[in-house]
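S.K.: Sequence:
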Amino acid sequence: MERAVYDRAHRVGGVGTHEKNLDLCGDAWDDPDVRHTGRQGRTVARQGDRTRVDHLRLLRQRNCMIFDVNDGVTDDIQAAEAISERVRFQITAALENLHAMVRSGDESLDTQRPELVRKHLHSREFARQSGFSKPAYALADAAAALVDELRDSRVNLGLSQIRFYDNHLFEHSVSTTIAATILGRELDWNKDTLIELAVGSLMHDLGEIFIDRDILAKPGELTPEELELVKLHPQIGYEAVRQIFGPGTLSNHVPFQHHERQDGTGYPRGLRGTNGTLSPSARGLPGHILPIAQVAAVADAYDTLNSENPYRQSVGPDKVAEILADMAGGKLNAALVERFLTVLELYPPGTEVLLHGPGGLEGCVGVVVRCGLQDLSRALVRMLYDGTGRKLKLFGLALEDHTELTIESTLTLAMGAAGPTDQGRGAS
1 MERAVYDRAH RVGGVGTHEK NLDLCGDAWD DPDVRHTGRQ GRTVARQGDR TRVDHLRLLR
61 QRNCMIFDVN DGVTDDIQAA EAISERVRFQ ITAALENLHA MVRSGDESLD TQRPELVRKH
121 LHSREFARQS GFSKPAYALA DAAAALVDEL RDSRVNLGLS QIRFYDNHLF EHSVSTTIAA
181 TILGRELDWN KDTLIELAVG SLMHDLGEIF IDRDILAKPG ELTPEELELV KLHPQIGYEA
241 VRQIFGPGTL SNHVPFQHHE RQDGTGYPRG LRGTNGTLSP SARGLPGHIL PIAQVAAVAD
301 AYDTLNSENP YRQSVGPDKV AEILADMAGG KLNAALVERF LTVLELYPPG TEVLLHGPGG
361 LEGCVGVVVR CGLQDLSRAL VRMLYDGTGR KLKLFGLALE DHTELTIEST LTLAMGAAGP
421 TDQGRGAS
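Residue numbers (my numbering): 1 to 428.
Heads up, some of the hints might be wrong.
[As the list claims (entries may be wrong)] Result set (DSS-like, lysine-lysine): computed pairs, CA atoms no more than 25 angstroms apart in a straight line: (1) 134 <-> 218; (2) 218 <-> 319; (3) 231 <-> 218; (4) 119 <-> 231; (5) 119 <-> 134.
What the hints contain is simulated information worked out from the structure, not anything from laboratory work.
All values reported here derive from a predicted model rather than from experimental measurement.
Start from the sequences, fold in the hints, and give me the full structure.
M.R.: In structure tokens:
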């Protein structure tokens, strides 16, 4: 299944959107080629219906997420999803309910005044409605379901998903949690610890809901005053999570410490890292980042690089790995980054790629069939077009056997989608 969209008719393989966004899709549904057949994030265009690039572009503009498009050429290529649709939407629903609970009663809060936010979080009313509540238990159950699926599979991380800024906080929280859990799995952490890691990662940016959205989505650089407000979200998130789940759990420290850095330049407390793999239960030395938060920091940085937003230019998949490697040691735990990169598929199945190299293959376009067996970045590519855009007679090319060829870029031709970004808002 192709992930990019070419300028011709296609058969829809799956167009997904959350129920709350269906009404935003508007006149996209007026065309008989694009039909709404499901709700709650399931398929909203019938399998096998024909559609055109303009319809798919309109769906994207109206907050719909395009997953797979069949074209008769690459329909047999299946991109593995890290978690099932059922678990993904269980998590999303739990997050939405928990965020709604946390925000209830704060509409009158002045988000420019952190002292009022903290007063709200420590009020008896907030403790009464939030502490060990039904939404909190639902989130813990969803985290456990995610851990069960990831422990039972050996799926790796892929960089080909199209990501949008709308509902960014939910998407980023889920994707960061998947990445953190996979890394924890590779470290052989037990199930209970993985659940604590997943719960903490799902709530790592909870404090952002108390930050003015206009600041979080502001194009360009923040003012010093705005940046200081953004840097409060780990502390605010920690205080909220302590009220929700109670003190003394490792999960609470993921929101608190995910922006701390190995060299002590992070925030909010300037803690330092270990640059090694520690036992997840290790409480660590005073002034040091807990292992669970060091794992979450790697996952958070990865997903920030793999997401588009209104204030940073995009980078390609190879740049994601390069930037993570550059951050290792100084900003991120070097041992964890090294392990993380071993399960990171830069070009997972379904990714369209532009090749660079000699032998008449310069500028040729293909789609990844599978990752390399020895090197995840050296994929088996099904060739589709030559350098002039003419269709090729289909053939497979194993990049593991052609070291002279490299992938120059990934493609989302007709959609014009931006790729991953190089930093997150308030990243250190």
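S.K.: Taking the hints in turn, state whether each one holds.
M.R.: Hint check results:
1. A threshold of 25 angstroms between alpha carbons decides the hint, and for residue 134 with residue 218 the separation of about 34 angstroms lies outside it, so the pair is violated.
2. The hinted pair formed by residue 218 and residue 319 meets the criterion: a straight-line CA distance of about 24 angstroms does not exceed 25 angstroms.
3. The hinted pair formed by residue 231 and residue 218 meets the criterion: a straight-line CA distance of about 15 angstroms does not exceed 25 angstroms.
4. Our distance criterion of 25 angstroms between C-alpha atoms is met by residue 119 and residue 231, whose separation comes to about 18 angstroms.
5. Under the criterion of a C-alpha separation no larger than 25 angstroms, the hint pairing residue 119 with residue 134 is consistent with the structure, at around 23 angstroms.
Checked against the numbered hints above, the structure violates only hint 1.
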